[in-house]
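First to last, the sequence lines map onto chains L, Z and S.
Everything in the first sequence is counted per our numbering, starting at 1 for the first residue and increasing by one.
Everything in the second sequence is counted per our numbering, starting at 272 for the first residue and increasing by one.
Everything in the third sequence is counted per our numbering, starting at 523 for the first residue and increasing by one.
The hints are simulated quantities; they were obtained by calculation from the structure and are not laboratory data.
Note that CB positions come from ideal geometry on N, CA and C, so glycine has one too.
If a hint is listed, it holds; no wrong ones were tucked in.
Partner residues aside, some chain Z positions facing chain L, computed with beta carbon under 8 Å:
1) S342
2) R358
3) A361
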Amino acid sequence: MSGYLESVLVLLAINTVLAYAAFLPMVAGQLNLGVAAFVAIGAYSAGYLSNSFGLHPVPAALAGSAVAGTIGWLVAFPILRTRGIYLALATFALNQVVQGIILNLDVVGGASGYPVPAHIGFPVVAAFSLAVMVLVFLVFRTRFGISVTAVSDDERAADLMGLSVRGLQSAAFTAGAALAGLAGALYAHHFNYIEAQNYGVLFSIYIVLYVLLGGTQTVVGPLLGAAVFTLLPELLRGSAAWRYVIFACLIIAIMSLRPQGVILRRSWFSR
Amino acid sequence: MVLEIRNLSKSFGGLKVIDDLSFGVERGERLALIGPNGAGKTTVFNLITGVYPADSGRIFLEQNDITDLPSRYRIRRGLARTFQNIRLMAHLTVIENVMVAQYARAPGLAAMLQPVGFGRANRWRAEARAALAEAGLEAYAGEPAGALPYGIQKRVELVRALLAAPRVLLLDEPAAGLNPAETEALHQALEAIARRGVTLVVVEHDMQFVGRLCPRVVALNFGCKIAECATGEIHADARVREAYLGSEELA
Amino acid sequence: MLEQQIVNGLMLGSVYALVAVAFTFAIGVLNFLNFSIPGLFMVAGMLTWFLLRAGIPWPIAALLAIASGGLLSLVVERFTYRLMSRSEHFVPLVTSMAFLILFENLVLVAWGSDLQRVPLPFETVSWRLGSTVIAVPQLIGLACAVLAVASLDLLLKKTKTGRGLRTIAEDPETAAMLGVDVGRVVPVVFLAGGLFTALSGFLFAINYQQASPFMGEEIALKGISAMVVGGMGNIWGAILGGLLIGAVETFAIQGFGARAVDICVYGLLLAILFVRPTGLLGGVIRQQRL
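Work out the full structure, taking the sequences as your base and the hints as a guide.
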């Protein structure tokens, strides 16, 4: 496989994991603008572990994911006391604060970037990505999918129907954080270099947008969004900035015409 | 008594909306809760189900004190309800909506992760489909709930409440907005549910409907109980007449 | 030195204040978090650089830059609020985010990613107050911010349009039925926001003599923090919040270095959201939904 094709596929695999990282909180009704922060946490902690302790990159990636998930779980306590727009703003603020903290951590390079020599090749990245897809697919065939949607639609009624609103919201937020961390760790170990400057709120926005492009009503939607976002630039040559111009126009068009996203759903379970 | 409230009081701001309210419901009974608008009937339901905590008083479900029990556990103890303004999940289909309530019968992490979405043979799905069929709603099973007509949504809400296998069912204005045919169908459905041993507490304005379904009635006004008697005698109660200002409702 | 720091903080704060007013006006009236605003700030700043570099006289450059904000904001309105009533409630927010990305990348395509130095066509006049230096253009910026909010206040309280806006804020569903010409009134929110933001971008470019395609992200985005700190939907709160954030930033740089700024400014936002979400002056936002 040519190096070029391989790097495109790696990006697709990682963007897919990122898509699901944003998707899980979104199904629970949370607009998580802090996704990028958890990507950074996963990338930097995994990189630190493999750099400083010689940990093999695969367990390092899992550890990075666990760190991101744990921090997500802790942060969820205060954050999930907010709702709607306040929640979105809180995750936005969180993102910028985390990015700011990392920029100050000279032990991981601070503003100069952080090289992570230990390498994870395409097959392993692809395997992780596939595993995530299968996991999400399975989880949404359980009660979890309808339960988080119920919480998102009508919290009060969901609570009175016996669901643990806080528990479900926290689970979605934490799982999203863990997946984001995994994506970050994989990126760090494949491209072997990460820069804190890349993990600002705009990165979160890109991810949220391409998830909404595919639609949050099916498990396949985020995958489609990630595919369009990754492959569109390859299909249209031109500078990176032009690709994003077109992507932005696409989003604006979709939101005008079909805001539920490209793939519509009737149900989590088919009849 | 399967459900009992004692000296229940609740204030919002400075306003006392429920004032030292006490009444009880026997197992298998059908009790109506009536009163003019603003009397506090829905608030009583909200207190019983735990939407907000009471300021004082106790609530007993099957002789267990549930006053301090968090709301999400009450349905697991057999207390289900329907809502005055329908509260179905707009983004779930009808069958998914009713399946949400099944969790109350088997809560826990393992139950949450049960693969109910696989295959038609899954027993929870089958049970939900059967319940919908019994209510004549199986054709709507795959429809998103938000788009359905009002009357259908009301029936779906009832099925949802039933799938929690409640021992006590609180119905908040179940006949509101229904035409005569739908009201009759509702009456039949509730009769059947009561015959199965479910205790019913019904908030209603439609006194004809109440008269046919509920032998006993508790009347409220301004958060206080103003009468408690057999439905046939309620017309004679002076305070109830006064509360309704002699309106047609008691004719 | 402290006085100089305070002055610097206030001057920077007036930049944030204008942007915060744009944000807060949209939130207060339309319950709409308009993420395209930092994009408008950036376009105005970059346009200022481009026009001044091309030798355009600065009053014309100012006019064009500010007008660009107004024009682009109306385009944004066409694709966001116009569609709000239709379907999912997140559509306007998401579309505004797309516009931010659109504006930033269009500018990147046009002018590259470099930080540009803005040539000043006039000598900066400064006043000295003891040992404190106050640059006059910055003072003008502060005056503009206060004037903008005062006139907005007047608009809201004394004019028919203002009454319409307040009706929409209270009761969006029935505003049309109550006689408000929604189609004419809503664009005012966007226009005002766009003009204020563009003015802020122009003033920033003039006062700090720099512009970059990332100045929206780096600077104007902090206007959100200012908005929340002051109280969402409260236009005087936006001024207060802006000045406060300006002060926080200036003192953060002094005390901890430039890299600590984001932590302080956004840490404050986070703290306010947890502890007192209505902000210092009390926000007037009606609904929490996105």
